[in-house]
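Chains A and B supply the protein sequences, listed in that same order. Residues 1 to 813 (the working numbering) are what the first sequence spells out, left to right. Residues 1001 to 1122 (the working numbering) are what the second sequence spells out, left to right.
No lab work stands behind these hints, which were simulated from the structure alone. Please note that the accuracy of each hint is not assured.
[Claimed, not checked] With a straight-line cut-off of 27 Å between C-alpha atoms, the simulated DSSO-like cross-links for lysine-lysine are:
id, chain 1, residue 1, chain 2, residue 2
1, A, 289, A, 237
2, A, 705, A, 721
3, B, 1041, A, 5
4, A, 57, A, 809
5, A, 705, B, 1041
6, A, 174, A, 388
These figures come from a predicted structure and were not determined experimentally.
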Amino acid sequence: MRFLKFIIAAGITFGFILLLNTYSAFGLAQLPAFGKWLDPFGGFWNNARSQEQFGDKSFHLDGLSAPAKVVYDERLVPHIFAETEADALFVQGYVEARHRLWQMDLMARASAGRLSEVFGERTLEVDKLQRRKGLAHGAEKAVTGWVESAGDRLDPFMKYIDGVNAYIDQLEEKDLPMEFKLLGYKPEKWTALHTALITKRMAQTLCSRESDLETTNTLRELGPEVYALLFPEYNPKQTPIVPDEELDFLSDTSLSPAVGQLHSPAFRRPEPQGPEFLGSNNWAVAGSKTANGYPILCNDPHLALTLPAIWFELQIHTPEYNAYGVSIPSFPGIMIGFNENIAWGETNGSQDVLDWYELDWVDDTHTKYRFDGEIREVEYRVEEIKVKGRKTVIDSVRYTHFGPIVYDASEETGQEELAMHWIALDKPDRFEPATFMDLNKASNYQEYLAALENYISPTQNFVFACKDGDIAIWVNGRLPIKEPQEGTSIQIANSSDDLWNTFIPQNELPHVYNPASGFVGSANQHSTSPKYPYYYNGHFDDFRGRILHRALGQMDSITVDDMRALQNSNYSIRAEEGLPLLLQNLDTTELNTVQSGLLKLLKDWDYRYSGDSRAAILFEEWWDAFYRRSWDEFYTLDSEMSMRYPEDWRTIDLLATDPLNVFWDDKRTEEREGPGDIITLAFLDMYENLKPQLEKSNYTWAQHKPIDIMHLSRIDALSRKGIAVPGNPSALNASNNPSGPSWRMVVELGPEVKGYGIYPGGQSANPASPYYDQMIEDWAAGAYYELHLLKSPEELETPVLIQNFHPGKGHQH
Amino acid sequence: MKFLLQLLLIIGLGFLAQLFFPFWALVLAAFVVVMLLGYNKPFLPFLGGLLAGAILWGGMAWYQNMPNDGVLAERISTLMGFGGIGALLGITALLGGLLAALGSLSGFYFRQLFRPSAKAAK
Chain A
1 MRFLKFIIAA
11 GITFGFILLL
21 NTYSAFGLAQ
31 LPAFGKWLDP
41 FGGFWNNARS
51 QEQFGDKSFH
61 LDGLSAPAKV
71 VYDERLVPHI
81 FAETEADALF
91 VQGYVEARHR
101 LWQMDLMARA
111 SAGRLSEVFG
121 ERTLEVDKLQ
131 RRKGLAHGAE
141 KAVTGWVESA
151 GDRLDPFMKY
161 IDGVNAYIDQ
171 LEEKDLPMEF
181 KLLGYKPEKW
191 TALHTALITK
201 RMAQTLCSRE
211 SDLETTNTLR
221 ELGPEVYALL
231 FPEYNPKQTP
241 IVPDEELDFL
251 SDTSLSPAVG
261 QLHSPAFRRP
271 EPQGPEFLGS
281 NNWAVAGSKT
291 ANGYPILCND
301 PHLALTLPAI
311 WFELQIHTPE
321 YNAYGVSIPS
331 FPGIMIGFNE
341 NIAWGETNGS
351 QDVLDWYELD
361 WVDDTHTKYR
371 FDGEIREVEY
381 RVEEIKVKGR
391 KTVIDSVRYT
401 HFGPIVYDAS
411 EETGQEELAM
421 HWIALDKPDR
431 FEPATFMDLN
441 KASNYQEYLA
451 ALENYISPTQ
461 NFVFACKDGD
471 IAIWVNGRLP
481 IKEPQEGTSI
491 QIANSSDDLW
501 NTFIPQNELP
511 HVYNPASGFV
521 GSANQHSTSP
531 KYPYYYNGHF
541 DDFRGRILHR
551 ALGQMDSITV
561 DDMRALQNSN
571 YSIRAEEGLP
581 LLLQNLDTTE
591 LNTVQSGLLK
601 LLKDWDYRYS
611 GDSRAAILFE
621 EWWDAFYRRS
631 WDEFYTLDSE
641 MSMRYPEDWR
651 TIDLLATDPL
661 NVFWDDKRTE
671 EREGPGDIIT
681 LAFLDMYENL
691 KPQLEKSNYT
701 WAQHKPIDIM
711 HLSRIDALSR
721 KGIAVPGNPS
731 ALNASNNPSG
741 PSWRMVVELG
751 PEVKGYGIYP
761 GGQSANPASP
771 YYDQMIEDWA
781 AGAYYELHLL
791 KSPEELETPV
801 LIQNFHPGKG
811 HQH
Chain B
1001 MKFLLQLLLI
1011 IGLGFLAQLF
1021 FPFWALVLAA
1031 FVVVMLLGYN
1041 KPFLPFLGGL
1051 LAGAILWGGM
1061 AWYQNMPNDG
1071 VLAERISTLM
1081 GFGGIGALLG
1091 ITALLGGLLA
1101 ALGSLSGFYF
1111 RQLFRPSAKA
1121 AK
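Full structure from sequences and hints, please.
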């Protein structure tokens, strides 16, 4: 009897412990292990003790050649002082892992298609597609290519990886970042492959966008003539990155136009492409245009805004160089920043470097295809997707010499299987990470050029300014030499003659060096006009490049304040050109008093998407309703196949020049409408849609389109939602949920370089830290912080944290 | 007196054990303390464990929470769908209490196994 009682008591106790020690108890994938999670000694409570507040720490780490010191300033920016580049990058790895380890782990996982290992079944489809696209395979090839071409640049790179592991190795379970505890897993050893995976992830964000399937369908549905009318590739009003008068560096090339092919099947993209993050700007103005006679360089890359932020701010100081800026944790060196001599920054190039191919299969097994007159066999790569709480999913991905077969055939639409060739997954023959490591040390234009030569993908517009007066911008990356229209739609390629296989030579990439205008700038617009002899296509922005060049052309005696104001400019050429056309076509005879009041607001608008504007709301909703009524045919077809939609600039153009065309007619109504009719109907749509909101007198643009800065886990409680910000994708301040200026930087060169910057987030990834999200309010208000390029650690009067690193076996005291 | 001793010992031993071992160390601490102290009835050791565990976990959570002004706890309580820091502290304390109470109860019955039975005494 006593024995039985003991067994029952002990059994209940043991069972209770087991339950509390289990993740996903009762099969609920989202539940943490409650015992571990709530335990105040080792669970999340321990993360509340925000560790960066503790003053002075010393570490002995294996891998350093000499002592190094890190002092953290008032925003928790680490200033790394080391004796060599390798030591500095080692400490960078340690420090970035210290503050951003889970983010690094997650980005690498997302790229490799390994999210389901920690999130369970809910991310399985995402993982599957990612495996099909073969980013992990590409990352493996990248590591091999890097090792082969790195030479002596490999050692400092690997020291960064060692630094990350030095942090991971000393990490106790109770000190794991909270997200690891919540999801119940531990960080794995960091390798060069993890870093390569994150470059592939960045490439996916920046240069995997194309509309080949959509173009194929649209071309087939509309026919070549109407297609050419609605989708011209180049806006003649555009101000390209390289003005025509600067195109003087080119050899003669002649190209024969490719013959367009019309495909019979209708293609459907199985997953919508992510939002188009066009919004980045960068520019440099020469001393001739500035108040103090030295160049000023500005950069605001626009990306999806997340917590923790993509960027981590830091300074690297060695006897050889002294640089400041932002890095993407997992990557050695500073990506956007400045040193005592130069400043540099990037925007996305947006060239299309991802193409789709149909194969000429030999038989129904779809394992052999004809190419160049011979029969080739596909190769298999077996993808094992581990899924938390479920058994492993196996997918055998077929690889052709183009690349993997990503999209399956569909009997329903007649869609064929499609193989993908994406430049970002080709094996690199250069050591790409050296680009940024070398830029950090560069002190003049020649060294900047040498650094750029290491770069392959994703194509970026690298802007440059030097205190000796030079300014420049290079559209840098590996760009294929294509025949006109090649790669705009799905291709049937049976021989290598049909394919691009050469690249634009490095010295003929679009670039501008010290132009007569006194400025260089990019805003994701076309690199050049069609006068540039190499054909290229892509997703380019059509409004911001124009406002940027217009504004810089008009400015003189420029100050840092002028540049900050320009980065925050909400002025839109889309509104400037679009609104007058809407207004002049509007039938005002039947408007009621409220509607006439709205019309008055619109007529008085200054085309600025300011936070307090109401006219901006009216115009956006009016334009949107008008666009939907004009291009209703596309929305109808889109239910059957993926379609390409006319761009806003072309819609504006056609409204001005072709008002009689039949496509203005809204096919859903019986009457034949012209632009005037649908514009008037759209005005009424807008009025109906906005009526409830507009009754609130304080309802403004900033509230209409707020931004949500989501935690990477997409957990609301760790996110900051509903941030009121001004801006519009057609303005330089291109904020548009969920993307926006992910880092704003203005650098004034001179005897003493001065930097200003801000990003929406905070240095620490710990949600308990005061440095988790403290910059968001200032960022939303358009403010900047002065960036401290220290000459010695002592210069910082009150560091919030000091870390002293000593060579030796790993321990801490 | 024995009850107070049990409280203090579980809190002290539990604290020390949890510095080095995972959360179940608290159960072992309670088990050992009650086994050594010895009780005649199960109710008091259970109650003592409940109180001691709740004090230890609740107190420790409160201590951990202080330096960051409850910022994290606020976020976690939202994440877990609780009403606020109070509820989160309460749940944490309750869990610690239950662990120590179950450990104490098991310790009590374990000791009972070796108590000379009434029959054997005759």
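Consistency of the hints with the structure:
{"no.": "1", "hint": "A:289 <-> A:237", "in the structure": "holds (25 Å)"}
{"no.": "2", "hint": "A:705 <-> A:721", "in the structure": "holds (11 Å)"}
{"no.": "3", "hint": "B:1041 <-> A:5", "in the structure": "holds (13 Å)"}
{"no.": "4", "hint": "A:57 <-> A:809", "in the structure": "holds (16 Å)"}
{"no.": "5", "hint": "A:705 <-> B:1041", "in the structure": "violated (66 Å)"}
{"no.": "6", "hint": "A:174 <-> A:388", "in the structure": "holds (22 Å)"}
Hint 5 from the list above is the single one not met by this structure.
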